[in-house]
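Chemist: Sequence:
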Amino acid sequence: MPKWIWIGLTGLFTISPVYGQVDLNSILNGVFTKYDRIARELQDAICYGDFYYLETDDKGETLKIITAKRKIYSKGFHRLKSEYLEMTENNKLLSKQEIARRLRSSRGEDRSYLPFEKEFRNQYNFYLLGDETYNGLSVWVIGFNPKRKGRGYIQGQAKISKKDSSIIALSFVPTGLPFVIKDFKITLDYGWFGNYWMPQKFLLKMELDVKVLVSLVHKHITMHEEYYGYTFNNGLLDSFFE
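Heads up: the sequence shown runs through residues 3 to 244, numbered per the numbering used here.
FYI, nobody ran anything at the bench for these hints, they're computed from the structure. It cannot be assumed that every hint is accurate.
With a cut-off of at most 25 Å between alpha-carbon atoms, the simulated DSS-like pairs for lysine-lysine come out as follows [claimed, not checked]:
id, residue 1, residue 2
1, K151, K187
2, K36, K184
3, K98, K66
Estimated spans, in silico, between C-beta atoms of each pair [stated by the list, open to error]:
id, residue 1, residue 2, range
4, S108, S28, 37 to 45 Å
5, V24, L56, 34 to 42 Å
6, D240, D211, 16 to 24 Å
For every residue, glycine included, the Cβ atom is placed at its ideal position computed from N, Cα and C.
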């Protein structure tokens with residue numbers, strides 16, 4: 003599964019960097035300053051996730067359903083570890099051995115170069131698209147796309163709280179997707195946990211064209227996960243993630 007980690011908007015970002023009297027760089031500086039402070043305060047986080055995967059064909063018939071409950075450990079942007087507490091496939095409860103086999107066969111996570119990580123700021127273009135109300139909060143809408151495309155980069159939009167410069171929602175797609183993947187989109191909504199905005203709802207939708215022998219199979223895939231039960235600064239060591 004992509005990290006908070008894991009939309010072709012390049013041609014749409016034509017709005018001036020200044021929206022009214024608000025300067026885009028001032029908004030971005032507020033975001034990066036905020037996350038510098040959080041990085042100093044927040045050493046690690048532990049939460050729980052309820053995961054759901056649905057795969058259907060062109061007729062809407064269900065091909066596969068997977069559910070899982072997991073405990074998620076994170077430290078910084080790049081250290082992430084999951085402990086799967088339970089998993090079902092097509093309503094069958096899997097044993098620990100079956101879960102381990104499925105996880106071994108799944109694709110590992112790629113390194114992501116996220117636009118709101120300080121070290122990658124200069125590798126992205128940012129655009130102020132306007133402002134709006136989102137989930138009752140006044141936000142700036144910031145578009146972003148990478149200066150170079152390829153695996154690990156994303157493009158899309160972020161909603162930034164006017165009140166405290168926090169990111170409260172993201173919608174994006176990775177660049178450099180295989181041609182068999184169609185209409186791919188990820189949305190990530192943040193919730194207020196303790197004193198921090200943290201991921202709360204993850205949603206991925208895509209269509210997939212797969213060639214089976216001589217025929218082409220079209221699949222619809224939806225994945226979503228909800229996160230809860232956050233605890234912070236648990237004393238996780240770097241060695242825990244090795």
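Chemist: Looking back at the hints listed earlier, which ones does the structure fail to meet?
Modeler: 2 and 6
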